[in-house]
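Asker: For reference, the chains in residue letters:
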Amino acid sequence: MAEIIEMPKLSDTMSTGTLIKWLKKEGDKVAAGDMIAEVETDKATMEVENFEDGVLLKIYAQEGASVPVGGPICAVGEKGEDAPEVDAPDSGDSGSDKDESSKDEEKEEKDEDESKSKGKAEKSQPKKEESDESDESDKSDDSEKSDSSGDDDSGERIKASPLARRMAKDQGLDLSAIKGTGPNGRVIKNDVLKAVEAGTAKKGSASKDSSSAAPAAASAGTAVAGLEDKEIKVSNMRAAIARALVSSKTEAPHFYLQIEVDGAPLAKLRKTLNDKLAGLAPEQGGVKFTVNDLILKAAAEAVRRVPAINRSWKGDKIVQYGQVHLAFGVAVDDGLLTPVIRQADGKGLRQIAAEAKDLIGKARGKKLKPDEMSGSTLTVTNLGMFGISDFYGIINPPNAAILSVGATVKQPVVNEKDEITIGYRMKIGLSGDHRVIDGAVGAQYLSALKEILENPALMLV
Amino acid sequence: MAIITYRQAIKDALAEELERDENVFIMGEEVAEYNGAYKVTEGLWKRFGDKRVVDAPISEAGFIGLGIGASLLGLRPVIEMMFFSFVYVAWDQAVNNASSMRYMSGGLMNCPLVIRGPANGGTNVGATHSHTPENLIANFPGLKVVVPATPADAKGLMKSAIRDNDPVYVMESTVLYGNEGEVPDEEEFLVPIGKADVKREGSDLSIIAHGRSVLESLKAAEKLKKDYNIDVEVVDLRSIRPLDEETIIKSVKKTNRALLVEENKPFCGVDAQVSHLIQRRAFDYLDGPIHRLSAVDAPAIYSPPIEKIQLPDADVITREVLEMLQVKA
Chain A
615 MAEIIEMPKL SDTMSTGTLI KWLKKEGDKV AAGDMIAEVE TDKATMEVEN FEDGVLLKIY
675 AQEGASVPVG GPICAVGEKG EDAPEVDAPD SGDSGSDKDE SSKDEEKEEK DEDESKSKGK
735 AEKSQPKKEE SDESDESDKS DDSEKSDSSG DDDSGERIKA SPLARRMAKD QGLDLSAIKG
795 TGPNGRVIKN DVLKAVEAGT AKKGSASKDS SSAAPAAASA GTAVAGLEDK EIKVSNMRAA
855 IARALVSSKT EAPHFYLQIE VDGAPLAKLR KTLNDKLAGL APEQGGVKFT VNDLILKAAA
915 EAVRRVPAIN RSWKGDKIVQ YGQVHLAFGV AVDDGLLTPV IRQADGKGLR QIAAEAKDLI
975 GKARGKKLKP DEMSGSTLTV TNLGMFGISD FYGIINPPNA AILSVGATVK QPVVNEKDEI
1035 TIGYRMKIGL SGDHRVIDGA VGAQYLSALK EILENPALML V
Chain B
479 MAIITYRQAI KDALAEELER DENVFIMGEE VAEYNGAYKV TEGLWKRFGD KRVVDAPISE
539 AGFIGLGIGA SLLGLRPVIE MMFFSFVYVA WDQAVNNASS MRYMSGGLMN CPLVIRGPAN
599 GGTNVGATHS HTPENLIANF PGLKVVVPAT PADAKGLMKS AIRDNDPVYV MESTVLYGNE
659 GEVPDEEEFL VPIGKADVKR EGSDLSIIAH GRSVLESLKA AEKLKKDYNI DVEVVDLRSI
719 RPLDEETIIK SVKKTNRALL VEENKPFCGV DAQVSHLIQR RAFDYLDGPI HRLSAVDAPA
779 IYSPPIEKIQ LPDADVITRE VLEMLQVKA
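Note that the protein sequences, when read in sequence, are chains A and B. According to this note's numbering, numbering within the first sequence proceeds without interruption in unit steps and concludes at 1075. According to this note's numbering, numbering within the second sequence proceeds without interruption in unit steps and concludes at 807.
For the record, the hints were derived by calculation from the structure and aren't laboratory data. One or more of the hints may lead you astray.
[Stated by the list, open to error] Straight-line alpha carbon distances no greater than 20 Å define the calculated SDA-like cross-link-like pairs of lysine to any residue that follow: (1) A:K803 to B:E508; (2) A:K808 to B:V532; (3) A:K643 to A:E692; (4) B:K806 to A:P797.
Required output: the full structure, derived from the provided sequences and hints.
Answerer: Right, here's the structure in full:
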């Protein structure tokens, strides 16, 4: 059985030894006590003593090789015996190029030549000497170049100064949408400040594709950041919105109704509720209602009066649902989600408000689960907060109708006494699927909704 | 405030400390009867006599060793190097013994030693007389190094160095000896060791420099303001070790850009350390890579026209700032 002779630890501080000279050749007979090699440690050159009787079968570490303590240097065994395979020690003069071994395919041939010239060099020995020139030639003295090298092979890493990176993060800006004017197109502080000023590059609103971003906005010195051409990748959400709404608008023949509601009672109710409740702790019943909460409640309540609105077209049949699963639109970055309040008809205002709040939070955090976004029977959208007075949504399939709630607008109205007074008017539109419902059903529903909204006490019962 | 030269400021500091503390004495080659090779100690021998101002033989290892021994026994030697390049022949005393005494005695002994003298290139005295070894000295824990750029700092730092209980190296400059500047009159004017000084406030970029480079940086800053409306802040390290990290970091956090200027050679120079410090502690505040200007990495060049460009001057600094800020010259 062949013994592998390892690099001995010849001084306290020795971690590697350099094989200076072999005193025996492969095939030589060796006896215990023979000196077989000279090794240079960190302190001195010393001879390595052999403790085995036999034949020097194989030299693993060539002269000049640097071998860690414990690393194989040779094998001693009986004549004719095969030497064990070992992980070859570094044969290199430099001793530091191990990780270059698999680097360069082209160098393989050259290397073989080199091996031949060395006679017995191991096949598995790491290549050496190859790396020096090729490595150095890549390096540039130019600090700017070396600063960015390695970042941009793929063209994907965005070059930005550490400061710009931090500022963009703090401001919620998408670095890839900011054109860098620093060296090598690096995004620098000034670029981020300009984006902040121009209100561009908001996260999620912009393209991930920096290659086409903004030649115009960037040129330093332009006082006003211009608009820019860009391509925006279609997100999964946008693709889903596109599919659903094209199918809705092409398959469902829309009709449109609008009713004007006196918004004052609702506003008064909301004010009363919030004045009394918003200041209380949750365990005391503290809560704050939005206009939307009240409308959702009213919309669900109105279905009880006109259940025909709560239907779906199923091709060969129409389904009328016994419960109202009320969807409502939530604008999110780059899209719109419609979370669903289940069995809204059976829920009180407080619970609807709580669920709506929860769902809005999840929608904005992109944390809605699929079952929280599906199975609706009626949908409410609201653009009132943007000051839109009236509009018509596209039906959210498979619903038969969608409500479009506008802003409550202060305007002159003629009251029952034919006097002109200040009124608070809210317009609610309804888009209906004419396959499922007719104008009369939509009108009845809107009337019922109007009555509830104008007499919000009806929501209490 | 009196306007005096850098040379006079050091002389005043030495005289005041000789006067104040009888344990203070000066030793060096030609410091006494010849009044100093660069006349820094002019008149002191006459005034304070043989015991307080001592001419030493040309044997730096001998008289620095003597200084260490004297300091351990309670004296406060101020040893002059005619050129700081001569400290190398006394390396064992100057760095090995001086830095280790307090440590190896477990704090029982102090080594209140000052080694001072010119450490600068640019004066056509050749490669063996032109070193700026502040980085070498600062590498030894236990040693302090200050590099004053102005007469006021020269005086205040010299007095603090003499009063300090550890070995302090005060690296002066023959180029600066004739410079005039305001120096506060009060006798107890001290500049604390380990405190950098913002020599000029600015918002666009921080130049961090020491020694004569501070003055070149200030010149560049003037030009940059006048010609390009660029506001450069100039931080004078004054003390290489201990290093005033806070002032450096504060300035870089304010301006987001750092240019480091020194007459040291670039490799393992003081600014290599400063550069590391900045990226480590102000990384998220950097709006661009830290730039360095150092001496051209070669022995001090003897040919005067080439020697002139070996050291960074105001023009080079100006160009570098413009490049960093991407402003066309």
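Asker: State for each hint whether it applies.
Answerer: Results of checking the hints against the structure:
At roughly 56 Å between alpha-carbon atoms, K803 (chain A) and E508 (chain B) are farther apart than 20 Å, so this suggested pair is violated. About 66 Å separates the Cα atoms of K808 (chain A) and V532 (chain B), which puts this hinted pair outside 20 Å; it is violated. Using a Cα cut-off of 20 Å, the hinted pair K643 (chain A) and E692 (chain A) holds, with the two alpha carbons roughly 9 Å apart. Only pairs whose Cα atoms come within 20 Å are accepted, and K806 (chain B) paired with P797 (chain A) is accepted, the gap being roughly 13 Å.
Checked against the numbered hints above, the structure breaks hints 1 and 2 and satisfies the rest.
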